[in-house]
Each structure stands twice: as structure tokens, then as C-alpha cells.
Amino acid sequence: MQGSVVSLASIKRIAALDRPAPVAAGCPSQAGGVDPRVADHPCYSEEAHHYFARMHVAVAPACNIQCNYCNRKFDCANESRPGVVSEKLSVEQGLAKVMAVAASVPQMSVVGIAGPGDSLAGASAPKTLALFEAVRAQLPDVKLCLSTNGLALAEHVERLKELGIDHITITMNAVDAKVGEKIYPWIFWQGQRLTGRLAAQTLLDRQLLGIEKAVAAGMLVKINSVLIPGVNDHHLPEVHKAVRARGVFLHNIMPLISNPEHGTVFGLSGQRAPTNAELEAVQAACGIDAKLMRHCRQCRADAVGMLGEDRGQEFTNDLVAAKTEVDFEARDLYRQLVAKEREDRKQAAKRAGLGLAQMTHGQKRRVAVCTKGGGRINEHFGHAREFRVYDVDAGGLSFVGVRRADNYCQGGWGEEDHMEAILKALDGCQAVLVSKIGRCPKDELAKAGIEAVDRFALAYIEEGVSGWFADQAQLNKITA
Amino acid sequence: MAYKIIAEQCTGCGACEFECPSKAIKEKNGVFAINAEKCTECEGSFDTPQCASVCPVDDTCVPV
Ligand code: SF4
Ligand code: SF4
Ligand code: SF4
Numbered sequence: 001m002q003g004s005v006v007s008l009a010s011i012k013r014i015a016a017l018d019r020p021a022p023v024a025a026g027c028p029s030q031a032g033g034v035d036p037r038v039a040d041h042p043c044y045s046e047e048a049h050h051y052f053a054r055m056h057v058a059v060a061p062a063c064n065i066q067c068n069y070c071n072r073k074f075d076c077a078n079e080s081r082p083g084v085v086s087e088k089l090s091v092e093q094g095l096a097k098v099m100a101v102a103a104s105v106p107q108m109s110v111v112g113i114a115g116p117g118d119s120l121a122g123a124s125a126p127k128t129l130a131l132f133e134a135v136r137a138q139l140p141d142v143k144l145c146l147s148t149n150g151l152a153l154a155e156h157v158e159r160l161k162e163l164g165i166d167h168i169t170i171t172m173n174a175v176d177a178k179v180g181e182k183i184y185p186w187i188f189w190q191g192q193r194l195t196g197r198l199a200a201q202t203l204l205d206r207q208l209l210g211i212e213k214a215v216a217a218g219m220l221v222k223i224n225s226v227l228i229p230g231v232n233d234h235h236l237p238e239v240h241k242a243v244r245a246r247g248v249f250l251h252n253i254m255p256l257i258s259n260p261e262h263g264t265v266f267g268l269s270g271q272r273a274p275t276n277a278e279l280e281a282v283q284a285a286c287g288i289d290a291k292l293m294r295h296c297r298q299c300r301a302d303a304v305g306m307l308g309e310d311r312g313q314e315f316t317n318d319l320v321a322a323k324t325e326v327d328f329e330a331r332d333l334y335r336q337l338v339a340k341e342r343e344d345r346k347q348a349a350k351r352a353g354l355g356l357a358q359m360t361h362g363q364k365r366r367v368a369v370c371t372k373g374g375g376r377i378n379e380h381f382g383h384a385r386e387f388r389v390y391d392v393d394a395g396g397l398s399f400v401g402v403r404r405a406d407n408y409c410q411g412g413w414g415e416e417d418h419m420e421a422i423l424k425a426l427d428g429c430q431a432v433l434v435s436k437i438g439r440c441p442k443d444e445l446a447k448a449g450i451e452a453v454d455r456f457a458l459a460y461i462e463e464g465v466s467g468w469f470a471d472q473a474q475l476n477k478i479t480a
Numbered sequence: 001m002a003y004k005i006i007a008e009q010c011t012g013c014g015a016c017e018f019e020c021p022s023k024a025i026k027e028k029n030g031v032f033a034i035n036a037e038k039c040t041e042c043e044g045s046f047d048t049p050q051c052a053s054v055c056p057v058d059d060t061c062v063p064v
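Line by line, the protein sequences are chains A and B.
For what it's worth, our numbering labels the leading residue of the first sequence as 1, then goes sequentially.
For what it's worth, our numbering labels the leading residue of the second sequence as 1, then goes sequentially.
Isolated chain B, as found in the complex (with noise of 0.2 Å):
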């Protein structure tokens, strides 16, 4: 269970790294992406997936 993001269509603009509780998301290459191994989906911190609350671009972090 895990989140992914979806290269294409990211602004790089990192407002997802600094949200996330579990510190999953990383810059590479001025777009942002999340270790699968990391992620918790949130669970036990916060209701909602917080990189998809927190991204301006629909459908662009969304489940595996």
C-alpha cells in the first residue's frame, strides 16, 4: 500500500516532501517522487493521504 506520483505531470513545486509525514518523498531531477517502501498512506498520522490534499495538479498523486 502505497502512493505514487505521476512524473508527467508534477510542477516540482514540493509542497507534497514537506507535508509528508513519513518523509517518503524526494526531489530527483526537479520533479518529486515518493519510496513505495516508505509511505504509510498517511495511516495513523493524518485522515487523508497528505501529498494529495496538499497538490495543485489533480490525479497526480494517487495510489500504486
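So here's chain A without its partners, still in its complex pose (with noise of 0.2 Å):
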């Protein structure tokens, strides 16, 4: 394993250094109680995503509704990045491929199924479900989710409970078909090609029942909805409170993404995506907390691994086809070192907290940081492939959201490309801390105002961040 994960000997030797005199800020993502449920879920908990990794197995590649964001030769426009496509695996391949992972990542804590179609339609949900039962057999420690459209939902609750399914992602764009016809021209239901008015309704219907179903099993249900200006922009408020009084634990409002060389409906017809204003707009309007979700990077049906990696690739189906042992032992490990580490995070940043609530001057700042993983500032700028953004003051650290600057982008950009997209994604920091930065690309930050810093090298991020809060107020003192 490379260093693109935290490794248990990355752990290690993070450990025996001697650490940075601790300096400032109260890590936000770790205020409240959480569920113990979603604390080790990578998906859930920003915090936990630090130290665990999730995996989707895509096989589940047929739908049985046409949404207008989605153009089918690609995967699942709800669960993943549109215009990609991932492999399509049998049972038995699915399977070969978790034990891969779970032998070579002991961070991998969450197996899911997300697509590539939708995971429960009627050619997917007997492979999803067969998957989940192998899983479950061979490797108990780990937790099972599920995403879908939501339309044969209800009917499959049962099993899942029974299969320990305890978290559901649904996709719910709206709760009025007059809206849900301009979303969904079509579905396929009970043998019939279902349009217009009456498909949106049996849609809709069969969601809300699916997720009244899946609370009263007990399950955690997330909501996505798609953004979609001008569609259900102004109606996404009552989808939330419609799925809040039945008692879904999340609502995640995501942006639509649409491009007319996707080849969908709305790409083609020039329906543009939402700002970043518009979208804020409509979460503060929903009263939704942005911040449960600001980690969510909407992954690809066969993602592996942590923080927006995505190492799928290396375990393709040829790879996986020499039969893997998973060492138990070695995931046990790794879990009580990382209680350990999650431990130490929390102290150090409770005392980062401390020394920041003794401050009393300083603007509010943005900064972004490099990390790959371990709640450190451990990535190298040239690795990075997106920022994680916090705004800090005396007041601690509160944590904006992650920020990629491969957006979307398969590949193949040219260094300078390259540079400007991570300018984008920078954009209104005044700092980017990271554990290593070549000479030029310091200087082309410095050109647009952004100051790279590499002193608080494996500090904390909370460290980092308040240390250098702390440096830049002093040093407004003198000059002031």
C-alpha cells in the first residue's frame, strides 16, 4: 500500500513524532452527540472520514425510472458523478472485490450499493441482495448501505433489516408530481411504462411509503435531492418538511450537474445547474445545516477509499481474480489504533479551542488544507486533488466544506489547467496549509494572494489552522 491512505504504519510513525506545541480551535465537526450508528461512517461523519474508508460495488446496472438528469450509458446520476461509467460486476465478482479491498484497506468500514442503475429495480435488487448476504457472512464487522429512486423500496424493507441494512440513501426530488413530471418523464411499474403526471405520482407515492417504511424498521434514512433551478427550487422547502415529519435523519441537497456532452435530457435542452448561492439559498430556506453534508463528494458506483480518493482502479477485476485472505487481526488493529488517534485529535483540538477563546483581535480567516487523511495536514500540494476549507476566529475553527479541483474532470488536463481549477477552488482563502509545497506553484499562490504554508507540516488540522490564525494576528499587531 502507498502512502495514498492511512496506513497503519503512516500511523505509527505519526504517532512517535513529536507534535507541534499545540496552539488553538474547537473542531466543529465533532460538537453534538453522534449516532453511534453513522460514528464510523465515513459518509455521515466528517470526522470519521478521516479514519475509515467506504467502497461501492456497482452491480446493480438496470433502473426502473428515467430521471432527466441522467443519460443511462452512464452511471446513476443521483448516487454518482455524472458522465461516468463504472464497470459492471457480477455477484461473484462483487464479492471478490470487497475481500480485496477489505484485506489490503483495513480502514474499509462501509461496503455499499449505489448503482451504476438503481440498486432495488427489478434485475438489480436480487444481485444487490444476494451481494449483501455474502458480505454479511464473510465479513460481519462491516457496515451494509444502500442507495436508490426509492420506487420498489417498501417492498424490499424487510429484507434489508433482516440483512442488517441500516443505512438508506433515497434520491427525492419532489412530493408534488406537477413538479415530479418535469423531473421524471418515465417509469417502469408493475409491467407497465408509466408517463407523465401519473408516473411522477406512483413515484412519489411509493418513496414517501418506502421511507415510512424503512424509519419504522428502524433504519437511518438519508435524503438526497437534486437542485434543479426553475424545476424545485422553490419546492424543495416542503419536500424537507414532507420527509422530516417521517422522521428521516438527513436531507442533503446536492447541485445539479448538467452538461450538455452528458447527453441528458436537461443537458440537452440548456436547464443550467444552480450557484453555489442558490444552492445555500435553498438549504438555509429548507433549514438545513449544511455542514452535516459539506463532506459529501457524490462518489462513483465502484468508489474505493477515503477522503475523496477514489483507488477503484487498482482493483479492477483482474486484480481482485487471485483469492485474497483478510486479516482480521490486522483490521482489529488498526481500529483500536485509530480510537486511539481519534482520541488524540479530540484533545488537541479541545486545547487548539483554548488557546484561540484567548485571543481578542483577529479577522475572521478561510483556509484551506491538505490532507489525506488522520485529521492531519499530511498531503503534499502537488497530491492534492481538493482542499478542505475552514473559517476560523477567536470563536474556533467551523469547518465550510471540501472543495475539489479535479471537478468532474476525467483526466487528462495540462498542468496549467490544472493550476487554475485549483485557483477556483481556492478561491477567498487567504492561507493553504500543506505538508510540502514545490517553489513555483508557492509563487503562483503567493501572485494570487494566497499564502502557502508548510511549518505546521502533520500537525493537526486544528492545530494547523489555529497556529497559523495565531501567527497572522500577531503579526497584524506589530504592523498596526
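Read the hints as simulated data drawn from the structure, not as lab findings.
Don't take every hint at face value.
What the hints assert, rightly or not - Here are the simulated DSS-like cross-link-like pairs (lysine-lysine), alpha carbons at most 30 Å apart as the crow flies:
#: 1; chain 1: A; residue 1: 178; chain 2: A; residue 2: 213
#: 2; chain 1: B; residue 1: 38; chain 2: A; residue 2: 424
#: 3; chain 1: B; residue 1: 4; chain 2: A; residue 2: 73
#: 4; chain 1: A; residue 1: 213; chain 2: A; residue 2: 161
#: 5; chain 1: A; residue 1: 161; chain 2: A; residue 2: 143
#: 6; chain 1: B; residue 1: 38; chain 2: B; residue 2: 4
#: 7; chain 1: A; residue 1: 436; chain 2: A; residue 2: 424
#: 8; chain 1: B; residue 1: 26; chain 2: A; residue 2: 436
#: 9; chain 1: A; residue 1: 340; chain 2: B; residue 2: 38
#: 10; chain 1: A; residue 1: 350; chain 2: A; residue 2: 364
#: 11; chain 1: B; residue 1: 28; chain 2: A; residue 2: 424
#: 12; chain 1: A; residue 1: 447; chain 2: A; residue 2: 346
#: 13; chain 1: A; residue 1: 350; chain 2: A; residue 2: 436
#: 14; chain 1: A; residue 1: 340; chain 2: A; residue 2: 350
#: 15; chain 1: A; residue 1: 143; chain 2: A; residue 2: 182
Put the two chains together into one complex, using the hints given.
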């Protein structure tokens, strides 16, 4: 395993290092009681995201509805970044892949099925259930989760519950068929293709029923809604109310991604994506604490990894063909180390927060951090594909979100384009904290008014950010 | 009387294979194909050909 994840070795190494003196900030993502069912789930807990990895297994290519933002040549747009094509796996291939990943990635704590079509569509459901059964039997320590458009959820809740699936994500974009019919041209339901309002009404009814049943069965239900400007932007607060009333624990609003080259109905009709401001406005109108899902990156249906990385390509069919032994002891050991690391980080964050609270001056600053996990500043700027952005002032740190610099780009950029994408991602930040950075990019960042800081390499994020903030405040005091 | 699949348009999702009441559809090299001998056009089972109703790509499951 290379250094792309927090390996056992890297954790030991880090733990042995002298840490820089703690300076400052309360970690926002640790505030509040976290449901134990999500505490180790990287998709629901920002903090867990630093230590655990999820994998998606693409065993479900068929779908039972059509969404106007989806082109079925690609993966389910509800659950993946649009325009990507995942491998299609048989149940046996899927299981082999899960075992291969479990053997080499001790962080893997979640196995999910999210496509590439709908996990519960007619042709998909038997495969989805068979894979869950097999994983449950062989890897009792992983959590299983599933994403669906909800049409066929109600009739599967009981079986899913029996298999120990306690997280379900449903994509729901409307509760009113008048809105829904603009999003769903047809559904396949009980041997018939329904269109128009009837299609939308049937889908929405089934979605709500599925949510009710899943919640009643004690599952954690998350709702994803795709924000489509001019179609459901004013309607989403109503969706929020309807799903909240049914006891969902999280409602996440994602921006529509609409490119003509994806060949979707919306892409071709010129339906535009929302701006960041529009997205934030709708989240606010719904009363959604966006912080809860700010670290979510629409993963692809065959994603493997943590913190936005995707090691899916390492585990292609040919590579997993060789049988792999899972070392349960190593997985246990990893968990013990992680438990200690998480406690350490919490303490460091607390100390950092106390330091900040003593400061009486200093304007609020926005800072980006390069990390590959473990809650530390441990990623080389040149390897960073994304940045975690924080606001910091005397009140502490608050997590703003994840900015990707490879935004939906499937590789193939020139170096210059890449820098441009990075500058765009870092827009509004005064500094970027890295473990290392080359001279050229450092100068280029400086030109854009962003200070590249490597003196907090390997520190916990809270320590580094608050340390930088304290230095800044000191500097300002002297020059003022 | 039978249906066929335009192979170039097929995404290989397998939705049709599952719905076919006559077990007339099978995968071949990543795409699906209908065995004309077995296809009943769903007569007696459904009002509409199931493959054409579930297929995500327009005009891909069509009469021969
Ligand atoms: S549910 Fe997913 S796969 Fe099915 S049409 Fe919608 S976006 Fe596409
Ligand atoms: S028309 Fe009906 S019987 Fe013929 S292939 Fe399609 S689904 Fe099967
Ligand atoms: S439903 Fe359509 S796209 Fe899917 S396998 Fe059948 S013919 Fe191909």
C-alpha cells in the first residue's frame, strides 16, 4: 500500500513524532452527539471520514425509472458524478472485489451499493441482496448501506432489515407530481411504462411509503435532493418538511450537474446548474445545517477509498481474481489505533480551541488544508485533488466544505489548467496549509494572494489552522 | 413475430432480460440479444412488450 491512505505504518510513524505545541480551536464536526450507527461511517461523519473508507460495488446496472438529468449510458446520476461509467460486476466478482479491498485496506468500514443503475430495480435487486448476504457472512465487521430512487424500496425493507442494513439513501426531488413530472419522463411499474403525472405520482407515493417503512424498521434514512433551478428550487422546502415529518435523519441537497456532453435531457435542453449561492439559499430556506454533509462528494458507483480519493482502479476485475486472505487481526489493530488517534485529535482540538478563545483580536480568516486523512495536515500540495476549507477566528474553527480541484474532470488536463482549477477551488482563502509545496506553485499562489504554509506539516488540522491564525494576528498587531 | 435489440444502442444494463416473461433475452459480449424463436412479444403475459417498456434507450428494443 502506498501513502495514499492512512496505513497502519503511517499512523505509527506519525504517533511517534513530536507534535508541534498545540495552539488553538474547537473542531466543529465533533460537536454534538453523533449517533453510534454513523460514528464510523465516512459518509455521515466528517470526523470518521479521516479514518475510515467506504467502497461502492457496482453490481446493479439496471434501473426502473428515467430521470431527466441522467443518461443511462453512464452511471446513476443520483449517486455518482454524472458522466462516469463504472465497471459492471457479477455478484461473484463484486464479492471478490470486496474481499480484496478488505484485505488491503483495513480502513474499509462501509460497503455500499449505489448503482450504476438502481440498486433495487427488478434486475438489480436479486444481485444487490445476494451480494449483501455474502458480505454479511464473510465480513461481519463492515456496515452495509444502499442508495435507491425509492420506487421499489417499500417491498424490500423487511429483507434489507434482516440483512442488517441500517443506512439507506433515497433520492427524492419532489413531493408534488406537478413538479415531479418535469423531472421524471417515465417509470416502469408493475409491467407497465407509466408516463406524465401518473408516473411522477406513483414514484412519489412509493418513495414516501418506502421512507415510512424504512424509518419504522429502525433504519437511518437519508434523503438526497437534486436542486434544479426553475424546476424544484421553490419546492424543496416542502420536500424537506415532508421527509422530516417522516423521521429521516439527514436531508442533503446536491446541485444539478448538467453538461450538454452528458447527453441528458436537461443537458441538451440547456437547463442550467445552480450557483453556489442558490444552493446555499435553498439549504437555508429548508433550514438544513449544510455542515452535516459538507464533506460529501458524489462518489461514483465503484468508488473505493477515503477523503475523496478513489482507488477503484486498483481493484479491477483482473486484479481481484487472485483469492485474498483477509487479516482480521490487522483490521482490529487498525481500529484500536484509530480509537487512540481520534481521542488524541479531540484533545488537540480542545487545546487549540482554548488557545483561540484567549485571543482578543484577529479578523475571521478562511483557510484551506491538504490532508489525506487522520485529521492531519499531511498531503503534498502537488498531490492534492481537493481541499478542506475552514473559517477561523477567536471563536474557533468551522468547517466550510470540501472543494475539489478535479471537478468532474476525468483526467487529461495540462498542468496549467490544473493550477487554474486549484485557484478556483481556493477562491476566497487567505492561506493553504500543506505538508510540502514546490517553489513554483508557492509563488503562483502568492501572486493570487494565497499564502502557502508548510510549517504545520503533520500537525492536526485544528492545531495548524489555529497556529497560523495566531501568527497572523500577532503579525497584524506588530504592523498595526 | 418477435422483438430484437439494436446492439449498438444497448447499454448492457440487463433490465430487459429480467422482465422478459419468455426467457428470450441473453447477454452476449456485454450487450443483450433476443432469441426470436423464444420471443412471444409478451402476448398472453403483458399488454406491452416488457423489454421495450423497461429499456432506458429509446428505439432499442423494436419489432423485427
Ligand atoms: S434513478 Fe439513477 S440510474 Fe435511474 S434514471 Fe435516475 S439517475 Fe439514472
Ligand atoms: S417482447 Fe416480450 S417476450 Fe419478446 S423479448 Fe421482449 S420481453 Fe421477451
Ligand atoms: S434494457 Fe435496453 S439497454 Fe438494457 S440490456 Fe436491455 S436492450 Fe440493452
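We went through each hint and held it up to the structure:
no.: 1; hint: A:178 / A:213; result: 25 Å, holds
no.: 2; hint: B:38 / A:424; result: 57 Å, violated
no.: 3; hint: B:4 / A:73; result: 19 Å, holds
no.: 4; hint: A:213 / A:161; result: 10 Å, holds
no.: 5; hint: A:161 / A:143; result: 12 Å, holds
no.: 6; hint: B:38 / B:4; result: 11 Å, holds
no.: 7; hint: A:436 / A:424; result: 20 Å, holds
no.: 8; hint: B:26 / A:436; result: 54 Å, violated
no.: 9; hint: A:340 / B:38; result: 63 Å, violated
no.: 10; hint: A:350 / A:364; result: 19 Å, holds
no.: 11; hint: B:28 / A:424; result: 45 Å, violated
no.: 12; hint: A:447 / A:346; result: 35 Å, violated
no.: 13; hint: A:350 / A:436; result: 26 Å, holds
no.: 14; hint: A:340 / A:350; result: 15 Å, holds
no.: 15; hint: A:143 / A:182; result: 36 Å, violated
Hints 2, 8, 9, 11, 12, 15 from the list above are not met by this structure, while the remaining hints are.
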